[in-house]
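If you want the building blocks of each chain, they are given just below.
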Amino acid sequence: SQKIEQNSEALNIQEGKTATLTCNYTNYSPAYLQWYRQDPGRGPVFLLLIRENEKEKRKERLKVTFDTTLKQSLFHITASQPADSATYLCARINAGNMLTFGGGTRLMVKP
Amino acid sequence: NAGVTQTPKFQVLKTGQSMTLQCAQDMNHEYMSWYRQDPGMGLRLIHYSVGAGITDQGEVPNGYNVSRSTTEDFPLRLLSAAPSQTSVYFCASRGAGYGYTFGSGTRLTVV
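Listed in order, the protein sequences are those of chains Y and P. The first sequence begins at 43 in the numbering used here and counts up one residue at a time. The second sequence begins at 33 in the numbering used here and counts up one residue at a time.
If you're looking for bench data, these hints aren't it; they were derived computationally from the structure. Ideal Cβ placement from N, Cα and C applies to all residues, glycine included.
Distance windows between CB atoms, simulated:
id	chain 1	residue 1	chain 2	residue 2	range
1	Y	113	P	115	33 to 41 Å
2	P	95	Y	60	41 to 49 Å
3	P	60	Y	57	39 to 47 Å
4	P	141	Y	112	38 to 46 Å
5	Y	45	P	112	29 to 37 Å
6	Y	120	P	50	46 to 54 Å
7	P	99	Y	66	32 to 40 Å
8	Y	145	P	115	17 to 25 Å
Next comes chain Y alone, as it looks inside the complex (with noise of 0.2 Å):
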């Protein structure tokens, strides 16, 4: 089966570190991934795109780098801050072009 997966064990870094992300799909090639922010009681917040043909693309403070060899995507904050912590996570376009999302991972950046 078409599967997207995410590191489910929370994320713990120091503030001012790079804060690093995986997204890993098996079984399918997708055309491009999403990620997403999303806080507690509040719904996902659409953040990046990267298409299959793309290696990196960035966005201020965040970047996301997409490996069709490994089956990967990546998704980097640096110079990280408290007011990042949330869960982040990644989606895929299915077939009726409605999103299939990995389980995310929670980040949590301390002071």
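Model the placement of chain P on the given structure of chain Y, informed by the hints.
Just chain P now, kept in the frame of chain Y:
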């Protein structure tokens, strides 16, 4: 712009009761969808619509009905509530771009 508006924010139902979760968007988006989010299960697609008058089933459609009579509204109906439908429900919409806009969610408890 209000974005995606979901009502109610909280609801408690008794087993066997029916209700409608409302979702409205004011962005003229063609794509709309309903997800449920459960601990350890992530976000799962219930039903979706690619335009007014067109709906289709997602990953977990049993026990739910939808209709799309207008571009703006996409209500989700629970026919006969069961404790297994206790969850947080999110409505999302997408226009010409790729990122989805989510509502703030409805937290439903079925007792």
